[in-house]
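As a plain string of letters, each chain reads:
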Amino acid sequence: MDQLLLVLVSGVASGAIYGLMGLGLVIIYRATDVVNFALASLATLGLYVAITFHDNGTAVIVGVLGAVAVTVVAGLAVREVVIRPLGQGQLFAALVVTMGVALIAESVISELWGTQPKAFPSIVDGTVRVGELAIPTQSLLTIAVAGVAMALVAFLFGRTTHGSAMRAVAESADTAQVIGISAQRIARMAWALGLGLAALAACLYAPKVGLVPTVLSAPLFRAFAGIFLGGLNSMYGAVVGGLVVGVLENLGASYVSASFRDTFVFSFTVLVLLIRPQGLFGTRTFQRV
Amino acid sequence: MTFLGSTTVRALLGPLAAAVVIALMSVGALPPYQAYSVALAAVYTIVVLSVGLLAGWSGIWSVGHPAFFALGAYFAAYGSGHGWSLETILLGTVVSAAALGGFVGYAGARFSTLYIALLTLAFSLVSLEVIHRWTAVTGGDQGVPVAEVPTLAGPVPGGGTEAQLLSVAAAGICLAIAVVAKGSALRMRLVAAKSHPLVAQSVGIAPEAQSALSFAVSAAFTGVGGVLLGLMTGFVSPDLFSLNLGVSLIASCVLGGVGSVLGAVVGGVYLAWSPTLAGAVGLPQPVVQGLVLIAALLFLPGGVVPFLGKLVRKRPRKTRPVALLPEPEIVRRTPEGPPLLTLNDVSVRFGGLKALEEASLSVRRGEVLAVIGPNGAGKTTLLNVLSGLSGGGKIEGAAQFDGGQLLTARATARRRFGMGRTFQHAETFDELTVVENLLCAHRRITSRRRTAVLDLLNRVGLADVADRNPADLPFGLQKRLDLARAVAEDPKLLVLDEPFGGLDADERAIAAKQIERLRDGGAAVLIIDHVLDDLFAVADRVVAFDFGKPIGEGPPGEVLQDSAVLASYLGTSTSRVRPADRPDDAPVVVRLAGIEHHYGGITALRGIDLDVHRGAVLGVVGANGAGKSTLGRVLHGSLRPSGGSREVLDVRAGLVPEGRALFKTLSLKENLEVAAYAAGLKGARLRARLDETAGWLPPRVRDRLGVQAAGLSGGEQQMLAIARALMAEPDVLIVDEPALGLAPALVDEVYTRLAELADGGMTVVLLEQLLSRALASCHEVVVLHEGVVAAKGAATDPAFTARAESAYFGGEHAVALGMTALEPR
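Sequence order for the protein chains is H and L. Under my numbering, residues 1 to 289 are what the first sequence spells out, in order. Under my numbering, residues 290 to 1114 are what the second sequence spells out, in order.
For the record, the hints were derived by calculation from the structure and aren't laboratory data. Owing to the predicted nature of the structure, the values given are computational and were not obtained by experimental measurement. It is possible that part of the hints are untrue.
What the hints assert, rightly or not - Cross-link-like lysine to aspartate or glutamate pairs, in silico, EDC-like; alpha carbons within 16 Å at most:
#1 L:K958 x L:D992
#2 L:K643 x L:D835
#3 L:K683 x L:E647
#4 L:K953 x H:E171
#5 L:K953 x H:D174
#6 L:K971 x L:E981
Claimed, not checked - Stretches of chain H that chain L covers, calculated by requiring three or more beta carbons in the stretch to come under 8 Å of a beta carbon on chain L:
#7 39-45
#8 79-86
#9 101-110
#10 135-142
#11 166-176
#12 179-189
#13 222-230
Claimed, not checked - A few chain H positions that, by computed beta-carbon distances, are all more than 10 Å from chain L:
#14 A69
#15 D125
#16 G131
#17 M150
#18 T161
Heads up, the beta-carbon is just placed ideally off N, CA and C, and yes, glycines get one too.
Turn these sequences into a full structure, and let the hints guide you.
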């Protein structure tokens, strides 16, 4: 029983990370129709900058802020240079271009910092005792930070005019254009926000596994599984889907097979998609003549 | 048979080239390392061919092909360790890859291109996990050797020259198969299903089956490529099948040219030599691959081979429309026999909206039935019910067609039952040639079929352009092709969606001739259109629809005398709040001069001169398709016209689009805020403006600012849409068909509100389908007919009313109604 509770807590902590990354992906996709595969490798770039700061003696939190800033700036640059020239409505081409960016970014990181694993500092250490259980403080912090970030995103989208405008563009870019909302401005905001969330998720994930150039590929794929589950255009779906994937993955690893955890997660996702192609929270779009 | 001859020759080019390469390799003309690279290029060619043709023909982009590639390679490794023959290994690979691929393709058919790409990506990653962990078979990270494999022609050692020669030979054969497949009905059906899934169903092609089949075939070929790779390298390890390969495969396809067979060779060669290329430019290989990928997508999305092909080919000839060949006159028969099609109380509901309500009608062989009605009357829904394409709508009622039940039949089966349909915008398969557009309706293309199709093209005057792509043809010819596709199998019932729309006078005459000939041949014809003149010239009987149900029926000469039918077009009301008079010398705030606009080849507006005076209410009236919305957007400034000038006197224009176009998932308040945000208002000014505008809304809307816009009734949505445009404090308000889909009482409320705005000094441009409504609520009225200003006058001038009615229908029918055309056209 205690074992199960531990697995659940670590599942929710992992799921919060996947949910944050998924949220970043969905925010960018809804505003610009781009599935940003480079999200993870740009955030990895941010992580390496953060560790470089840290090695030079700055506080962890400064490093985290640095990581977020670097990731956001790199992402905006990528959008201006290679995504914007593609034009509107190029969903697949945009995905593949971001894959190309991911290849380049990962390779550049390996060239600059090497492929040797590095330790990434935890923001907090130790464990919290709850009765008989020893829960890692980092897990609790992860859940708390992700929760606060998600609440802020919910506030931004639900309560501010910027958020309303972003939702308006997501619902109908054509109508948004007719009433004069600047699509480019919304796109920049969405990319900055999405990449910022991804960088934050990366800083929460890296202490668990250490830093290598491909550190974020596993969480990226689980974030994808999460947004498949939740629906590509639903922000709630991304968070809930990420949490479900996190819990499933930890349950699968503990009770089914540690070796085939992603196979387990994706099989589950594909089964759900066969029954409900639009995902749990997604909306279905109909084709018309 | 020059066609067959050239295909055979082209099919032989691949094997021939392979034979030459094999000969060179056997005599040792290539150094061993180069020979290895050539063989690797041959294997990659097979894989790029599989991925590229799948994308080009079926529109499925797979990032998951490394999984099938790996499947073949590990099959070879495992088989070689267990004494299997090459034939057994190949068979096992093909069967298992095809089964897996068929499943992925079938599952993927329900998703968009993007989703399939992401799903195959996941598939690829799962397969990598399996490869890494299933060490008993794959050897995990360590990899596994491929030993000698026995074949019928003697043993092939792993990593030897024989395997290299075998790879080149296999690539040659695959190229030949691809060339043959390119000319087959299979490719045409795949491309048709890809470019227009719904239209493809109307010619009997089921998209899901095509997608599963093509994915299975593609996966099987990639599997074979994997077996060859395993044999050639003599050693299989996971890093060969990384995600990198999936991405690079896409890059190779795009680089060579998607859907091009020769392009696959270019792609294969690029993939085999990309490490050498990276070494030569001194950058890490992934960086080079990424740069090539991005550059190809940005600068050469069509690919190298099609690009070069276009340079080499001559410029296309200019088409001249071909006149119809004279045909023996068929004696006109009177419609006879029992009805071919009978609809009994058919209703269609989309959520809460009833698009069709207990509609009943029947049509007999040799009869042309016209269905008319204003925008939103349910005409298109009726057509979609008949052809089985009504999407998510819930259908009730019954329909008999030729003795059977129609509504339960699948969309793809209806063509077989003897029903053909055309589409409003022609909807040709643009990636197929004209002749292929007709051939793709069949699974197999026999020479008799080909002759019949060429004969048909001859008859409709498209024979000269048989090998051109429809997109290069003028719209009139595209419509002829659409009609030819519908009649290719002599259907018993022809359903035509606006056959005259967008055509010029000569083309319309030709279309009318064709329809008459089909009718005389014994077909039943059901037409909907807005061009009443031409429609009435060919129709035997007319049924008028409004609000989703029939409201009147009769011969063409009489149906418009039915007051209900006439009212559905022109309206009846006269008791509107007329706006206060305005001074005659009000300045012009927007002036249009010589405005023209074209969408593709279709002219929407011609020679429009229009002045909008400050404080005036200007009505722009016309039937559906007359060009009102286009004119509205030109006045607004959000659409730049193809020609002419727009002068604005320092005013801000706001547009309330047709259909309201609210953000339905946003609350009322957010809809208004977003408009203010777009206009650059912030903070206190935004809140003040919001309060002011909310005050304008009727209380029942004002009190619910927090609810989602989707929860409002149609009339309330219209009010909100107007309020949203008011947020930006416009001087000119352009309102596109505010009455669309509203009950009469709500229409009155909306118009009263607009009149109040006008009285407050707002300049209003009202785009309106009903003439009487515009006459009652505007100062000045402009009648548009087929993109031209057909009449212009003061709403209060009694003489103008008759002139405007005549202009609305385009003249002739006004004469039939006993009206006099006062304005010469």
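Results of checking the hints against the structure:
1. L:K958 x L:D992: holds, 11 Å
2. L:K643 x L:D835: holds, 12 Å
3. L:K683 x L:E647: holds, 13 Å
4. L:K953 x H:E171: Roughly 8 Å separates the two Cα atoms, so the pair holds.
5. L:K953 x H:D174: holds, 14 Å
6. L:K971 x L:E981: holds, 15 Å
7. 39-45: The restraint on the region 39-45 of chain H is violated, since only 0 of its residues have a Cβ under 8 Å from chain L and three are required.
8. 79-86: holds (count 3)
9. 101-110: holds (count 8)
10. 135-142: With 0 residues close enough to chain L, the hint is violated.
11. 166-176: Contact hint for the region 166-176 of chain H vs chain L: holds, 7 residues under 8 Å.
12. 179-189: holds (count 4)
13. 222-230: holds (count 3)
14. A69: It holds; A69 of chain H is separated from chain L by about 24 Å at its closest Cβ, greater than 10 Å.
15. D125: Non-interface label stands for D125 of chain H: nearest chain L Cβ at 31 Å, farther than 10 Å.
16. G131: Since the minimum Cβ distance to chain L is about 36 Å, G131 of chain H lies beyond 10 Å and the statement holds.
17. M150: holds, 19 Å
18. T161: The claim is violated: T161 of chain H sits with its nearest Cβ about 5 Å from chain L, within 10 Å.
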